[in-house]
Amino acid sequence: MKKFLKELYGTGMLFFHFLKWPFLLGFGYLYIFKNFRDNYILEILWLYCLFLIIKDFIYYFRHGNRCKKDNKL
Numbered sequence: 429m430k431k432f433l434k435e436l437y438g439t440g441m442l443f444f445h446f447l448k449w450p451f452l453l454g455f456g457y458l459y460i461f462k463n464f465r466d467n468y469i470l471e472i473l474w475l476y477c478l479f480l481i482i483k484d485f486i487y488y489f490r491h492g493n494r495c496k497k498d499n500k501l
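The sequence shown begins at 429 in this note's numbering and counts up by one.
A hint or two may mislead.
Restraint-style ranges between C-beta atoms, simulated for each label pair [as the list claims (entries may be wrong)]:
hint	residue 1	residue 2	range
1	431	466	30 to 38 Å
2	463	491	38 to 46 Å
3	459	430	34 to 42 Å
Here are the simulated DSSO-like pairs of lysine-lysine, each with C-alpha atoms no more than 30 Å apart in a straight line [unchecked claim]:
hint	residue 1	residue 2
4	431	462
5	448	462
6	434	448
7	483	430
8	431	483
9	448	431
10	483	448
11	430	448
12	462	483
By construction, these hints were calculated from the structure, which means they are not laboratory data.
Since this is a predicted model, take the numbers as computed values, not measurements.
The beta carbon of each residue, even a glycine, is placed where N, CA and C say it ideally should be.
When you get a sec, could you build the whole thing from the sequences and use the hints?
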């Protein structure tokens, strides 16, 4: 069970790494301007994308400067 949860988490991270911005903006557009019906599963996925984007910003601002200094190519 623990291995399955790790694989599910990894799959979700990989999938939403590439689709978080289009999904966040596209679903917001459909919901606000096109009167998209309430769908709880899509709303949960939208919140997950929002969480991933916030996590990326926090990681960038906390660790971004150190990564640039250490990378001397």
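Do the hints match the structure? See the list:
1. Roughly 35 Å separates the CB atoms of residue 431 and residue 466, a value that falls within the hinted 30 to 38 Å.
2. In this structure the supplied range 38 to 46 Å holds for residue 463 paired with residue 491, their Cβ-Cβ distance being about 41 Å.
3. For the hinted restraint 34 to 42 Å between residue 459 and residue 430, the CB-CB distance of approximately 36 Å keeps it satisfied.
4. The straight-line distance between the Cα atoms of residue 431 and residue 462 is roughly 40 Å, outside the 30 Å bound, and the hint therefore fails.
5. Under the criterion of a C-alpha separation no larger than 30 Å, the hint pairing residue 448 with residue 462 is consistent with the structure, at around 20 Å.
6. The hinted pair formed by residue 434 and residue 448 meets the criterion: a straight-line CA distance of about 20 Å does not exceed 30 Å.
7. For a cut-off of 30 Å, the pair hint linking residue 483 to residue 430 stands: about 24 Å separates their Cα positions.
8. Annotation: proposed proximity of residue 431 to residue 483 holds, straight-line Cα distance about 24 Å (limit 30 Å).
9. At most 30 Å may separate the alpha-carbon atoms for a hinted pair to count; residue 448 and residue 431 meet this at roughly 25 Å.
10. The suggested pairing of residue 483 with residue 448 holds, with an alpha-carbon distance near 12 Å, which does not exceed 30 Å.
11. Restraint check: the Cα-Cα separation between residue 430 and residue 448 comes to about 25 Å, which is no more than 30 Å; the hinted pair holds.
12. Only pairs whose Cα atoms come within 30 Å are accepted, and residue 462 paired with residue 483 is accepted, the gap being roughly 29 Å.
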